[in-house]
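Q: Construct the entire structure; sequences and hints are all you get.
Okay, here's what each chain looks like letter by letter:
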Amino acid sequence: MKSLIISRRELTTLIDNLIKQTEVVAPLQQENFTNYAPLRSSPEMVWGGPQTVIPPKQFLYPQSEELLSYEFGGKGPQVKDLNRFKKRILLGVHPCDLNGIFQMDQVFAEKNKDENYLEKRKAVTLIGVDCLKPCSPESICSRMGGLNPKGRFDLFLTDIGGSYFAEAATPKGEEIIKNAGKPATAIDIKKLKQVRKKRDTLFNKEQKKLLPKLADLPQVMKKGINHPEWEERGQKCYSCGSCNMVCPTCYCFDVQDYMHINLVKGVRNRFWDGCMLEDFAKIASGENFRENRSERLRHRTYRKLYYLFEKWGESFCTGCGRCIKACLTNIVSPLEIANALSRKGKK
Amino acid sequence: MKTLYTPEIAVIKKVVPQTALETFFEIELSEKKILGHLPGQFVEVSIFGVGEAPISVSSPPTPDKPTFELCVRKVGNVTGALLGMKPGDKIGIRGPFGNGFDLNNFRGKDVLFIAAGLGLVPLRSLIWTVLNNRQDFGRVFILYGCKTPKEILFKEELASFESRKDVEYQITVDLGDETWGGNVGVITTLIPKITFDPKKTQAVIVGPPIMYRFAIKELLSRRLPEGNIWMSLERKMKCGVGKCGHCQMNQIYVCQEGPVFNYAKVKDIPEAV
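Heads up: the protein sequence lines correspond to chains A and B, in order.
Numbering (our numbering) for the first sequence: 1 to 347.
Numbering (our numbering) for the second sequence: 1 to 273.
Misleading hints may appear alongside valid ones.
[As the list claims (entries may be wrong)] Label pairs and their in silico Cβ distance ranges:
| id | chain 1 | residue 1 | chain 2 | residue 2 | range |
| --- | --- | --- | --- | --- | --- |
| 1 | B | K86 | A | E23 | 46 to 56 Å |
| 2 | A | E232 | B | D136 | 52 to 62 Å |
| 3 | A | R343 | B | K150 | 55 to 65 Å |
| 4 | B | L103 | A | R343 | 49 to 59 Å |
| 5 | B | Q251 | A | K133 | 31 to 41 Å |
| 6 | B | K74 | A | Q256 | 17 to 27 Å |
| 7 | A | N226 | B | G176 | 41 to 51 Å |
| 8 | B | L220 | A | P228 | 46 to 56 Å |
| 9 | B | V186 | A | Y258 | 36 to 46 Å |
| 10 | B | Q251 | A | T329 | 37 to 47 Å |
| 11 | B | N104 | A | L202 | 52 to 62 Å |
| 12 | A | E71 | B | S221 | 52 to 62 Å |
| 13 | B | K13 | A | N262 | 28 to 38 Å |
Just so you know, these hints were derived from the structure itself, not from any lab.
Ideal Cβ placement from N, Cα and C applies to all residues, glycine included.
A: Rendered as structure tokens:
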């Protein structure tokens, strides 16, 4: 990994130069919330918190994307694949979301390669930013393993006071900083360690505690399958699917055809779907395999903390806290569910 | 670039109404390409402008024949649109998907087929695979149940089962009518009517989700080992490639690891049966 020290002023110039060359998407203030949008000049960017409402996955896996188009002619339908991707830089990505993107890379590249995702992913450069204090009261990243970016970036910036410690993990990242900064000295590295230590202490103090060990969550979930907590929380669920929509690791989708009013041309779209929605597992004959809200809440939580955790070896809740913030009835927190299951499970 | 979601164009060769709700289709892929499916696999059928739906392939694998068969019940938008189509019309096909039945589990064994309602459609691909290679298998039982006589599918083929000496065939309806002189009762009432050797028999059950529990219970009471029971489970296979999440039962993507499952392997999966 190549490391450099870049001054604040130099970084501003660097970002403004990047904006001239390619689309740079970063967290921006939009009324009373933040969201990823194309950056016009470096001062617009929101560093740190609050966390954006929608994670940056929308640029790799859009809320709605056209998979194919077709046109009816004399010889029947002519089908054309659509796989649109755009070269862009995602700037200011928090470690939780870097982990989320890495996890999406795994699931979409597994076995049947989903080129619609992978092509978009290849076209993106990830510039992460270290979080030095919790970005929202709901965040639980230090508990879920999301605070450490684990090298899952092209470039990563840590504010070490007055200047940034820049780590490039890929050639793409090195390219960005090739003409910037100066080599990191032993003092800089010491400063970085101090900043991170302070960060860890602060997160440990401020973020809600996870009672079981992180590595034990799949077992806690497995044992808690019939725990009354699911029913208690499920009863309050609106089945609105907000938790799915804002999650950086929810990747389920639905597909629908849209016919142009001329009935000659049409497109097939895929768009985000959510396992908390009532008809998610319903088949055409009317049978619904996850009819109860508590079963759906359990399924969603199991995906994050059990099924995918067991399969890929780490929690698929990155602790960003978005679902907790989005949930209208305050039932969805994976951390609180894990705590409840382990606490009452011991009786 | 061809993606996971790009269908191949296929043409409808034949349309034969079966009942008020079900229609039989013979389909040919463009350039007479062979589908290359296993019995028990499914395809995603596209009606452009309407959508896509998972449909079981009903015909046995036929390496020398470029067509395959579907039997479709009108239940949703895609199947509704499909029923309005005629020979020469073009549809899209993706697949085949799913694991299908592994014949190695059945060769040399007695095979007991239990089909309820539309379950006959996917099971038909395995039934004919077995009957086309009859010498490779022991006794063959076919039990079939429908709600009423009006819903009986593939009547001519059923008549051929009845007349074969190497097939032990029984049919029942839940509710008879004036034309019906046969068995009346749910599918499980046929199981006591046959004698089979639980050690040598592999049972294959396909039917509506509610039926599995009862059929399995009946088979277990006849001392058939759990590992000798096979099922094809219905789920919402939207993408067919293990991504969209709709077909998941617990951690299992049915479109990838299924739809064919051994009962012993999934009996402890809470969302399975």
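Q: If a hint holds in the structure, say so; if it doesn't, say that too.
A: Each hint, compared with the structure:
At roughly 49 Å, the beta-carbon separation of K86(B) and E23(A) lies within the given 46 to 56 Å, and the hint holds. With their beta carbons about 55 Å apart, E232(A) and D136(B) fall inside the hinted range of 52 to 62 Å. Separation of R343(A) from K150(B) is about 57 Å and conforms to the stated range, judged on CB atoms against 55 to 65 Å. For L103(B) paired with R343(A), a C-beta distance near 51 Å keeps the hint of 49 to 59 Å intact.
The hinted range of 31 to 41 Å is satisfied by Q251(B) and K133(A), whose Cβ atoms lie roughly 36 Å apart. Roughly 19 Å separates the CB atoms of K74(B) and Q256(A), a value that falls within the hinted 17 to 27 Å. Restraint check, N226(A) to G176(B): a C-beta distance of roughly 42 Å satisfies the suggested window 41 to 51 Å. Between L220(B) and P228(A) the CB atoms are about 31 Å apart, so this pair departs from the stated range of 46 to 56 Å.
Remark: the range hint 36 to 46 Å for V186(B) to Y258(A) is upheld by a beta-carbon distance near 43 Å. Taking 37 to 47 Å as the suggested C-beta distance range, the pair Q251(B) and T329(A) does not conform, at roughly 27 Å. For the pair N104(B) and L202(A), the supplied restraint of 52 to 62 Å holds, since their beta-carbon distance comes to about 60 Å. E71(A) and S221(B) have their C-beta atoms about 58 Å apart, which keeps the hinted 52 to 62 Å range intact.
Checked against the hint of 28 to 38 Å, the pair K13(B) and N262(A) passes, with Cβ atoms roughly 29 Å apart.
The structure does not agree with the numbered hints 8 and 10 stated previously, though it agrees with the rest.
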